[in-house]
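Chemist: Below, each chain spelled out in residue letters.
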Amino acid sequence: MSLLRPDLAVIAANVAPGARVLDVGCGDGTLMQALRDDKRCDARGMELDSSNVGLCVGKGLSVIQGDADGDLAFYPDQSVDYAILSQTLQTTMRPDLVLEELLRIGRRAFVSFPNFAHWRVRLSLLWRGRMPVTRLLPVAWYETPNIHHLTVNDFRELVASRGIAVEGAWFLSGDRQCSPAAANFRAEHAVFLLARG
Amino acid sequence: MSTPITDAAQVLSLTRPLPLDGGQSLADVRIAYETHGTLNAAKDNAILICHALTGDHHVVSNHPKTGKPGWWVRMVGPGKPIDTDRFFVICANVIGSCMGSTGPASLAEDGKPWGMRFPVITIRDMVRGHVALLDALGIESLYAVVGGSMGGMQALSLAANFADRTRAALVIASTARHSAQNIAFHEVGRQSIMADPEWRDGDYYDHGKGPEKGLSVARMAAHITYLSEAGLTEKFGRRLQDREEKTFGFDADFQIESYLRYQGLAFTDRFDANAYLYITRAMDYFDLAEEHGGLLANAFAKSKARFCLVSFDTDWLYPTADSRNVVHALNAAGLPVSFVELSAPFGHDSFLLDVPALDRVVEGFLGEGR
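Note that the protein sequences, when read in sequence, are chains Y and S.
Residue 4 is where the first sequence starts when you use the numbering used here, and the numbers rise one by one after that.
Residue 513 is where the second sequence starts when you use the numbering used here, and the numbers rise one by one after that.
Simulated from the structure, these hints should not be mistaken for laboratory data.
Quick caveat: nothing in here was measured; it's all calculated off a predicted structure.
Treat the hints with care, since some could be wrong.
To give a feel for the contact side, a few chain Y residues facing chain S, derived at Cβ under 7 Å [said to hold, decoys possible]:
id, residue
1, S53
2, G57
3, V60
4, G61
5, V66
6, I67
7, P79
C-beta: ideal position from N, C-alpha, C; glycine also.
Please put together the full structure from these sequences, using the hints given.
Modeler: Here it is as structure tokens:
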């Protein structure tokens, strides 16, 4: 699992063995594969890009081409132990509704996203007056798939206002974890484990 | 490309009558099929390929009438996506057809062709024929059932109605029910056949001539539905056929007209008009949800198979929404399902043509990551 992206490694390490998992925006299926092979999980996926779906199918994974905004509606209530949304929330049309859907389908949800309040992003805005292009946000504003930038504190506020319980939170700077207190400033990535409160 | 196998066809005669959805049963059923590869000792490496409306069991071997290579040689064979080095591949002609299995052109008990006395059959009846073949071959459970178009309907029907007989289903460019538009196109074809005086209420076999005109028009209309507008434009555009100017007549001025006429005519050499009536009817009657109380997810309640559905973005006959409908039902049933919409310019026919992305999905799904 050491080859997983840091946020995926956090998720993989904290999923219970043998769990049923839905990975929304599963990409080429790296996380699903790790969960299946290392934790005997029953992992299903959803992915927008057809060539990625093809790669997943080639790995023996069950993945449906679809998008988080429209196609989650067809999954039954509470049908998986974990719904996972890694690095995808900020690309959805309605992140709040997607979040509700994740917790309808899953008993718990892992959500990871890039933190737009990271100090590098702040510096870029403050000193250069430009939308940041950083390691985690490498694409210019006009072609980025990220249409709903958010910060760690924005996310905390959203889940609190929806009565969603935070069962775990991990904050990453590179592949190192940083403390929750300074997370909104220092974390590049955040990973939350959520449950219906 | 490997050497084409020229004759691998066999015929199974069923000892028991085949029960039909229409309430009747069909005695003395013959099922023509061919196999490729080797059935292993555990008999668990068999893949059943189901053919489309005008297809047949000559999936790899040359067609006995046209001499053309089998209809899926690009997909099936040693080292190909459906690998005959690993799998025992079976392809059977559906009942109701005219390529070796019992159909309206076969002789009834009185020694005369069935004609319109042949009972109306359904997709599930075709599948009953396949299952009888599996019984005869001693195959309890298929590694996978695979089919495109009407073949996909059989694959869905088998996975739903004979759930313990397959461990996977690969359904390409297909649907769980025929839409009003699908039925409409088929009805045009059927009426075209029936309007041909040579059809003689289906009793044309002793007259040396059948409703070739009607069948050919039916094929022309259907053929349009297998292609895409963009594909037609690219292949033919408004180009004229062997001439510089329009003739101001009703000859085949345009290449597309000439092409369709040729396709229609060539079809009559290899296909029986009554078989076309019966098979299109079977497709029109297909509604897997209706068979299971109106809820498609219920159809798969007993299944433990894994599924893969593939659609093509230019297929307007069985559009992506049809595949998604099945995917949602399988999801609701909690079954492992993959789905991908592939981009290909050839419309519905894409499943038969050169679409490398399809090869990868088929190989990947059947390979299970091995």
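Chemist: Take the hints in turn and mark each one as holding or not.
Modeler: Consistency of the hints with the structure:
no.: 1; hint: S53; result: 5 Å, holds
no.: 2; hint: G57; result: 5 Å, holds
no.: 3; hint: V60; result: 4 Å, holds
no.: 4; hint: G61; result: 3 Å, holds
no.: 5; hint: V66; result: 5 Å, holds
no.: 6; hint: I67; result: 4 Å, holds
no.: 7; hint: P79; result: 6 Å, holds
Hint check: no violations occur; every hint is consistent with the structure.
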